[in-house]
Each structure stands twice: as C-alpha cells, then as structure tokens.
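Q: These are the residues of each chain, in order.
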Amino acid sequence: MVDFVTGLRCRECQRAFPAEALHVCDYCFGPLEVAYDYERIAGAVSRQRIEAGPRSIWRYADLLPVHDEAPVDLGAGFTPLVRADRLAAELGLGELWIKDDTANPTGSFKDRVVSVALTKARQLGFKVAACASTGNLANSVAAHAARAGLESVVLIPHDLEDAKVTMTAVYGGKVIAVEGTYDDVNRLCAELTSERPTWAFVNVNVRTYYAEGSKTLAFEIAEQLGWRAPDHVVVPIGSGSQLTKVAKGFSELGKVGLLPEEPAVRISGAQAEGCSPVATAFLEGTDAIRPVKPRTIAKSLAIGNPADGWYALEVMRRSGGSCAAVTDDEVVEAIGLLARTEGIFAETAGGVTIATLARLAASGAVRRDERVVALVTGHGLKTVEALRGTPGSGPTATIAPTLAAFDAAVDFDHDTTIHEEPAR
Amino acid sequence: MSLTIRIPTQLRTLTGGAGEVQVEGATVGDALKALDSTHAGFADRLFDESGNLRRFVNVFLADEDVRFLDGLSTPVEDGQTLSIVPAVAGG
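Order-wise, the sequence lines are chains A and B.
When we follow the working numbering, the leftmost residue of the first sequence carries the number 1, and every step to the right adds one.
When we follow the working numbering, the leftmost residue of the second sequence carries the number 1, and every step to the right adds one.
Okay, chain A solo, but in the shape it has when bound (with noise of 0.2 Å):
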C-alpha cells in the first residue's frame, strides 16, 4: 500500500530527511516530524472512507506515516467516548466527556502508537523492538512484539507498579529493571540506539512514526461526536508528545477537509506536582523548562525531562489553553472521583487528568459552556498500589458468614425491606 508520506522535516531548521529510522536532525537535534501530501489524502479520504474501515486506530490509516495490508495490530483504538453527566455535575461543567482509552488492547493509550512504531518498524526490517518505558509503554510493545513475532527488549525503571512489570514479562520478551528515574533509562535507551543500530526503539530511533499514532486521539473524538470538534481538551503531559499531537490530529481534520475548517480547539495540560517541568513554566510564563526529578505516585509521567515540553507550552499558550499540577493526594481522590460518578477506573495519570480538570473547572480556565473531553490515557489494574490503604479501597466490611452479622455490618436505609426474615 501507499501511504502518503513525503519525507520527515526537522521541527527547528526545517532540514528534510528520507522517511527511514531517524528521529532527530543531524545537524541541530531537533525533531523530526512526519511530512505529508495533505492535497493527496484530501482527494483520498473521506467520512465514509473512514466509517466504512476497521473499528482501530487502522481506519484512519491515510493520516498515518504507514500502510500496510496487515498491521501490527492487537485492536488499539476507537475506544468509548462516554458522556460524563455524572462527574460533569460535581465539578460544575456542562458538556463533558471522558476519553476512556483504559479499554486499549493492554489498557493504555500507547497501544496506539506502538502498532504504528512496530508496523513501521517492520517494514523497515527491524528485527527487535524496543523502548524506554514508565510501564505501558512496556506492555504495549512487549505485546505487540510477541503479536508480530519480534524479539523484544524493554528498559524500565526498577521501582515500577507490580502489575506493569508482570504484564510486560509474560510475553516472553526480555525486560530490564534499571536502577535509576525513567530519565536514566531513557538517556541509556538513547545511547543504545547508537550502539543498536539493528533495534528498533519505538520511542528512540522509531519515535518521529511511534509519536504520531496519538493523533486518532483526535480522529476518533472528532468522530464519535458527530463529526465535530470539542472546544476545550485536557491532556496528561509525561513527555508532552500525546499533547502536541492531539493538536496536530485536529488542525489535520481540517486540513484534509474532514472537518469544514482547522478546528480552535483549546488544549490543556495536567501533570503532577511531584514532575511538573511543563506546568512550571506555564505558570511562570517561561520557555525554559527546568529538569527536574521526579517524586509522584503518577509514574507513567513522571519524565523529569520531557522531550516535547517546549512543544506542548506552545501548543497550550497558542490554543488557549492552561496548565496545572496536582497533588498526589488530589490524585487518588480524582480516581475515586471518576471511577463513583462514571464507572471508570484510571490508572495514576488519569487522576492526574481529572484532578486537573477540577482545578481548572473551578478557575474558570475551564468553562461550564464548552464542550469538554478529558483524556484517560491508562487502566486502574496497572497501578492498584496507589490506593492501598486509601478510604474506599478495601472491603467495606469483613464479617461472618451469617445474616446477623450480615445486617449489623450493612446498614442500607433506603433497603431495608427487601430482606424480612420469616417469623418462627
């Protein structure tokens, strides 16, 4: 198949560059971004088109950076866009909705970019997938590897959530506990890639294809709302690149005409205080995004060097957006929050986005006219031990297994008269 790529284009010196394995310009180290022929896809694409394809990222296959008869694929994508009256309420919001990507194939949003990184990768003739990971990265490409048949290896940080580590090793592949942040495995990835030349890194030497797959974010809203923009979208920032690229997802619906025109769409951030680079310089008004080292409960963003940090601050100021960092307490109570009012359980960064939510939709930074969707990136599973030992998290009661004891833990007033033990 032929896709509709045109070259990759570094991001800072505009220097262009074959669509191979690079991710960053050899002259300043700027980014690479995928270049398209967006005249070509316009005449290719249409809603029908898209309706009429599969029920994965894969329907939207003409704005990505790869085709391919029989994808990497294990489903990601086209994830429920569920009406959120319930939490909409509490915070005082009007039109609200939750992005629920906890129903990817391994439970978080990376499955979309890994089934476009590997599918890619692939067709380049690499024969190891690899990453560095906060964790769903890990499954994700552990998953889609073992799917595809492809050696993997991924670096993790030693000190990740049990369920992570468990869901990436039974795959098969090869996983490596670093002792250090996720910044040092990251910086270890970066320098393997050169030493690794055969190895595909999704997020390293892959990552100009990988980061792309998080524009059907975009895509998919914009079309399980009818075929129209939100006004105002809130977005985790680990490395920022999920942020930047939602802007771009939408800016190309207008582009290729499947939107009338380039949709304003406000984009806003949400990180945790513990790792907040990105929100700290919004706040200050800076382009200088300090490093920091990371102390959050919210380890899939806990990037204390985000790549796309001074992407995504341009993003947010230029839409119109805003910023904010939440405590880690704020956290576990936004879980808790989202999971009583709408029946869904997020993982650490989702309390991040909903806690963040709260704060700017009491700010007024989020406005109760605004068509709203909020992004809930990973499943609760991953990250149970945030909740340990938290108000709610355990049994309610514990008792014998008889109806006294029954009815002197459970205390129904609006229920009482369903169960009437029969006189003797």
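Keep in mind that the hints were calculated from the coordinates and are not lab data.
All values derive from a computational prediction rather than experimental measurement.
Some hints here could point you the wrong way.
DEER-style ranges, computed between Cβ atoms [said to hold, decoys possible]:
1. B:Glu77 - A:Ala16: 37 to 47 Å
2. B:Gly41 - A:Ser393: 54 to 64 Å
3. B:Thr4 - A:Asp329: 23 to 33 Å
4. B:Glu77 - A:Arg55: 52 to 62 Å
5. A:Gly125 - B:Glu77: 35 to 45 Å
6. B:Ala26 - A:Val384: 48 to 58 Å
7. A:Val2 - B:Arg12: 51 to 61 Å
8. A:Leu225 - B:Arg12: 28 to 38 Å
9. A:Gly125 - B:Gly41: 42 to 52 Å
Just so you know, even glycine gets a beta-carbon here, dropped at the ideal spot from N, CA and C.
On the provided structure of chain A, position chain B as indicated by the hints.
A: Below, chain B without anything else, positioned relative to chain A:
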C-alpha cells in the same frame, strides 16, 4: 584532566565513525571545546549563538545531566566519561 567523550550516531560523521574520543579539559565546556579543536564542526552543532548548549542537546557527566550540575562550568575529574545525547527521546 583526560576524559572520554561518547559520540552519538548523528555526530560520528565528524569523528570518522568513532563512538568515543579522548580529550583534555578542566570543565565540561573546556572538554567540548577541545573536542571541536580536534574534530572541527562540533561547536557549531552543540552550541547556539550565545554559546549555550542547544536546547535539544543533552550532556551527561558520569551519567548525570550537567544541567543538574554546573552546566558547562562543571569541573571534571580525570578518567570520567562525558556523553553527548540527543534530547529528543522517550515518552
């Protein structure tokens, strides 16, 4: 001080393909300038107009980001390794 500088793939055209170069210098900045004097072209790639590290260039001394240390003024010890690494990775 004698130290080893690790060169990423993207800059190995300047070193004839070598992944490591030995240089002398008392600080991180000195060492990188020494690298440029033996392998012309590095300064242009690593530094912006005001002489600071370009924003997409990370430099690690003994595996620590020099921005957590004293940047280009960070003193180096004999035998240490300095790594030049593209910043755009991960996430």
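Q: Among the hints numbered above, which are violated by the structure, and what are their numbers in rising order?
A: 3, 7, 8, 9
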